[in-house]
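Colleague: Residues per chain are reported as follows:
2 protein chains.
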Amino acid sequence: MEISTFFPVWERLSSRQQAALSSAAFSRTVARGEIIHNADTDCTGLLLVESGQLRAFILSAEGREITLYRLFERDLCLFSASCMMRSLQFDVTIQAEKDASLRVIPAESYRKIMDESAPLSNFTSEVMAARFSDVMWLIEQILWKSFDRRLAAFLLEEAAIEGSPALKITHEIIGNHMGNPREVVTRMLRYFQSEGMVRLSRGTVEITDERALRRLAE
Amino acid sequence: MEISTFFPVWERLSSRQQAALSSAAFSRTVARGEIIHNADTDCTGLLLVESGQLRAFILSAEGREITLYRLFERDLCLFSASCMMRSLQFDVTIQAEKDASLRVIPAESYRKIMDESAPLSNFTSEVMAARFSDVMWLIEQILWKSFDRRLAAFLLEEAAIEGSPALKITHEIIGNHMGNPREVVTRMLRYFQSEGMVRLSRGTVEITDERALRRLAE
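Protein chains in written order, with the working numbering: chain A, 1 to 218; chain B, 1001 to 1218.
Simulated from the structure, these hints should not be mistaken for lab results. The structure displayed is predicted, hence computed values, not measured ones. Treat the hints with care, as some may be off.
[What the hints assert, rightly or not] Listed below are the simulated SDA-like cross-link pairs for lysine to any residue, each with C-alpha atoms no more than 25 angstroms apart in a straight line:
(1) 1112/B to 1041/B
(2) 98/A to 68/A
(3) 145/A to 1112/B
(4) 112/A to 1145/B
(5) 145/A to 1060/B
(6) 1145/B to 201/A
[As the list claims (entries may be wrong)] Here are some, though not all, of the chain B residues that point toward chain A, as calculated from beta-carbon distances under 8 angstroms:
(7) 1059
(8) 1060
(9) 1115
(10) 1117
(11) 1122
(12) 1126
(13) 1130
(14) 1136
(15) 1140
(16) 1143
(17) 1183
(18) 1184
We put the CB at the ideal spot given by N, CA and C, even for glycine.
Could you build the full structure based on these sequences and the hints that come with them?
Modeller: Here is the structure:
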């Protein structure tokens, strides 16, 4: 796979910069289960996933592995090159979840181009922002543990009571019923909507996929 | 306060870029308790804290506010300008924790300079990475709830048994004693070290601030 396919900003790099990245990159294959990067390894470098699947996780105190996010074909793993950013001070473990074929760009080679190229730097920020968003979603899952189930069950019950999948109810009132603040109800309903389970409009919550909602509630 | 003081990379911007940022910035004062930014507000812009203190938080399902991080004098708040990055898809609430005096740079003005300046883009990445690290630390606090107390108590007990503050013990053995994986023990011991409570060396954990450790354990 051409290294250029991993970088939407490739055409905005100079030919010298393109050549520097291409010539620094090397191939690596990893077998399912292999730990590619953790706190004890040196800076592994930027990983470009040509095929297979990687997983980034941290450990709970009991040793349970908490998956932060997954990386698929054409994804780019930044945190295996965290040494390249002074302010990134946390450790994640990167493991091959399936046999994977990778291209590796050593951190210092990447850093050098990022230092001079605004497009590459901005692209790298976007990659970090996407991972940050994944992790914030995870935090909310932990903080709101089982709130999704409770809310799904509540909506199904209301629909049964009203005899209609279109509920005339505000997020505030749902919150009052359930003992949760309005903002939390709104966030979760928006998530339900993004998953196609409900449709939201002013003062109305309409159930659009009862089966999915029921699976969640049970 | 000069806007330049907020940007360590200021001298690496062109005079045109410096002028564009300076002229776009405006002043704003906020009173203690005021919500400056949340999911319902439009893009508030980049906030530069001249004085006072801000707090970024999210809500738990029960409506408990979970502080993600704080911002002090000379800090820069990126997430009030999250509209400027496509991949930043989460909402935080920013509140004035003390009366504060701010400079605000509208998101589109900042974005324009960031798009063309690698130094500004890389600096912005570092700011994001620092916040990301804060949030990862919070996740670990949630996941490892009370592990710090248990570990502090364990170290004090061992020191009492051995009659010495310098314990000859590996992280692995501590983990076996406590039913926690080695990595988790190592992370927490490193945190204790950064707080000056212990000193780590190969095969040894030396208690350097027994009082602080005791406060934690109790």
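Colleague: Confirm or reject each hint.
Modeller: Going through the hints against the structure:
no. : hint             : verdict
1   : 1112/B to 1041/B : holds (22 angstroms)
2   : 98/A to 68/A     : holds (17 angstroms)
3   : 145/A to 1112/B  : violated (40 angstroms)
4   : 112/A to 1145/B  : violated (40 angstroms)
5   : 145/A to 1060/B  : holds (9 angstroms)
6   : 1145/B to 201/A  : violated (39 angstroms)
7   : 1059             : holds (6 angstroms)
8   : 1060             : holds (5 angstroms)
9   : 1115             : holds (6 angstroms)
10  : 1117             : holds (6 angstroms)
11  : 1122             : holds (5 angstroms)
12  : 1126             : holds (5 angstroms)
13  : 1130             : holds (4 angstroms)
14  : 1136             : holds (4 angstroms)
15  : 1140             : holds (7 angstroms)
16  : 1143             : holds (5 angstroms)
17  : 1183             : holds (6 angstroms)
18  : 1184             : holds (6 angstroms)
The earlier numbered hints that this structure contradicts are 3, 4 and 6.
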